[in-house]
Amino acid sequence: MEANYDLEPDMLRAFDRALTTERSAAGRQVLQTLKDNARMAQTKRMPYCQDTGVVVCFVELGQEVHLTGGGLDEAINEGVRQGYTEGYLRASIVRSPFDRVNTGDNTPAVIHVDVVPGATLRFSLMAKGGGCENRSKYKMLTPADGLEGVKGWILECVRTAGPDACPPLIVGVGVGGTFEKAAILSKKALFRELGSPNPDPAIGAIEREVLERANRLGIGPQGYGGDTTAFGVHILAAPCHITSLPVAVTIECHAHRHKEVTL
Amino acid sequence: MIKAAADGIKEVTPPLSDADVASLKAGDRVRISGVLYTARDAAHARLFPLIEQGKPLPIEVRGQIIYYTGPSPARPGAVVGSIGPTTGGRMDKFTPALLELGLKATIGKGARSQAVKDALRRHTAVYFGAIGGAGAVLSQFVKALEVVAYEDLGTEAIRRLEVEGFPAIVVNDCHGGDLYEDGVRAFAREDA
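Just so you know, the sequences run in chain order A and B. Taking the working numbering, the leading residue of the first sequence gets 1, the next gets one more, and so forth. Taking the working numbering, the leading residue of the second sequence gets 1, the next gets one more, and so forth.
Just chain B, same shape as in the assembly (with noise of 0.2 Å):
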């Protein structure tokens, strides 16, 4: 679900319906509540075997927003450590497997390859920037976690995320809209 606040910022909450993911557009900022899943590189890594195999995967994806980090440790009474985005782009190489599996959104930073801008056009799903390097900040916003999968690896587990007014940014829409595109255009005076 999808409305925008007072302020102009877009309330979002998973589930998302293709709908809700056509309403955005690139450089729109939003605000995230309710569930987030974690998972990188090492996580993907398990996953796409078993898209390949159509074996079940530990979570449901299908409407799902997928969050690429890694938190640092929680300190005893805290809800969990640093957790701000890693780099969306070593994730490339699965997404689309995940999209076609229902998956509408992915937050990290960083550019993504033509091929996922492809995908999310062609399954009607969007990529948010959430502010890397803004680990301590971002983790006010997490209320709840929980580890659903693959705790053997550390920091790089898939974990239940409950978030609340999660601030993050429309990178890649799926009308084909490109933040960074955009913002280098807007601004840059030389060419390198």
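For reference, chain A alone in the conformation it holds in the complex (with noise of 0.2 Å):
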């Protein structure tokens, strides 16, 4: 619910940065509406976009903890029916992708659990945009296609997302493994702290490259044209087949919402 009305510091950090560097006039007035946007959010606890979005939800479950009282997937979801009936969210999940019919409360949230060593449980969770999420793209590259394809790639994701996908973007991207861990990795590593470079220093080089690239494109903030064509570019890589090259990208727009809690 939080997460809906109060942009993240890191997010007004790059606003206020990208003010300083935006060439187009048009662009920078988009930026400063989107400041103004995430003060008045935060003021009339009001959602910072229309679209509160799907609930996805990371939980790390320390293997030592025992959960009593009901499942997790119903606790989660009765958070979700909770905070988005109460919170004045919007209603965005339809029952079925067939009869679309909405289920009123935003429910179901999207849950992925990992069991983990300690007593603790983590969540992780993310309100995700759709027309963002329409943008997000997945390519099996051949070992041959290397480190250029998947830097070409990922460029292109961010190209045809285009104006579409309310840029300036947030690039979540997983490489390797298998194609759903390529995707769920790319989910993941949009939590990491925005400008903030995956620890091993070559693959921070890939994202400052692919950053720096995505910028030069042109696309701008809403597309109007302009240098601020996405704030950040977070890859996450795992170990894969000898034959594979899985290259997920989600695209994130910057009404980047999400919560981290311990418990």
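Hint data in this document are derived by calculation from the structure and do not stem from the laboratory. There's no promise every hint is true.
[To be verified] Derived DEER-like restraints, expressed as beta-carbon distance ranges: (1) B:G63 / A:L19: 36 to 42 Å; (2) A:P143 / B:D118: 56 to 62 Å; (3) A:E260 / B:A4: 46 to 52 Å; (4) B:Q53 / A:V261: 49 to 55 Å; (5) A:A202 / B:E146: 56 to 62 Å.
[Unchecked claim] Below, a list of computed lysine-lysine pairs in the DSS-like style, where the Cα atoms sit at most 27 Å apart: (6) B:K3 / B:K143; (7) B:K93 / B:K55; (8) A:K35 / B:K10; (9) A:K151 / A:K188; (10) B:K25 / B:K93; (11) A:K137 / B:K117; (12) A:K44 / B:K117; (13) A:K35 / B:K143; (14) B:K93 / A:K137; (15) A:K35 / A:K259.
In this text, a Cβ means the ideal position worked out from N, Cα and C, and glycines have one as well.
Dock chain to chain to rebuild the complex, using the hints, since each chain is given by itself in its own frame.
Here it is, written out as structure tokens:
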């Protein structure tokens, strides 16, 4: 709920920084409006964007934790139900992709659970907007495509997302693993603090290069033309099969709403 | 009706005539006052078969403006919650038929198909962009709201809004102008 009213400080800093570097007057005006929007959302307790998203929840469940009194999924969905109803947040989920009847309370959430060592329970939640999610893409590259192929594909995703996905974007990338593993990594990558590089310096360098190149595409804030097309490129990598080079790209808009809680 | 304000921004008040629309160029900033109708995916999916069967629509679209949005719920005492634009491209399939009925403008964000751009020329209509994600800021320009059709669709119902000074920019005009293409041309330093 709070994530929908209060943009994180790393996002607000990104707006400020971009306001000093953006060459496009229309682009600067968009950035200023988005800053004003963040302030207004915070003071009026009104969602920053009317699309208050699908709740994507990553759970790290310590293997020594024993849950009682009901199912984990049920508890998460009850939280979503209460938060979205009491918080005047939009119900944006349909019960079936075919009959498309709105569930009315934004449930169910998309839940991923990892069992980890320890005795804590950690929730990483994101309210993921639909417009940008629609521009997320996957491509199975070949080992011969290599690093250049990966960079080219990420840039292609940013270019084709264009104005539709509400730039400035944050680009989450999962490289390696399998088809589904890469997609999950591309979402997890978005939880890292904006601007902080992957701890592996080689991957950090790729992130920097792709971000710089993305910002040379000219799309700019809202696609009105400019230098601020993306605020960040976050990559997570995993081992993969000798035949494969999976690359998933989750496109996230500037309404980047997330929260982490450890119990 | 359209007139230029002292600050260079064009004041737009529906209903719009062909001459009004023809005076708008891609990149023009506008302030819209008067009535807007909201409709997005699910409402368009209901309107489209009616158009195909030649049946009357629940709203008169001639000369009017449709705003692609699904607002968040209003807090008690507020007119509306957050109300920014959704992606216009998802309505591409339905837009030419509405323009043929005399709809003069749509407001959204993101690029339109070539078929829609051609229809904007053919029917002298315009596509405005509002700032995506600025739903809180945009809510302050909405002075009244009433559900006029398809209430069961929740946020996707058709609403009649009264707005005052609602800020937007011309993305696609009726002369083939395209703000997104112009923007990339002006600022691109690399091809993807």
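Original post:
Any hints this thing doesn't respect? Which numbers, in order?
Top reply: Of the numbered hints given earlier, those the structure breaks are 2, 12, listed in rising order.
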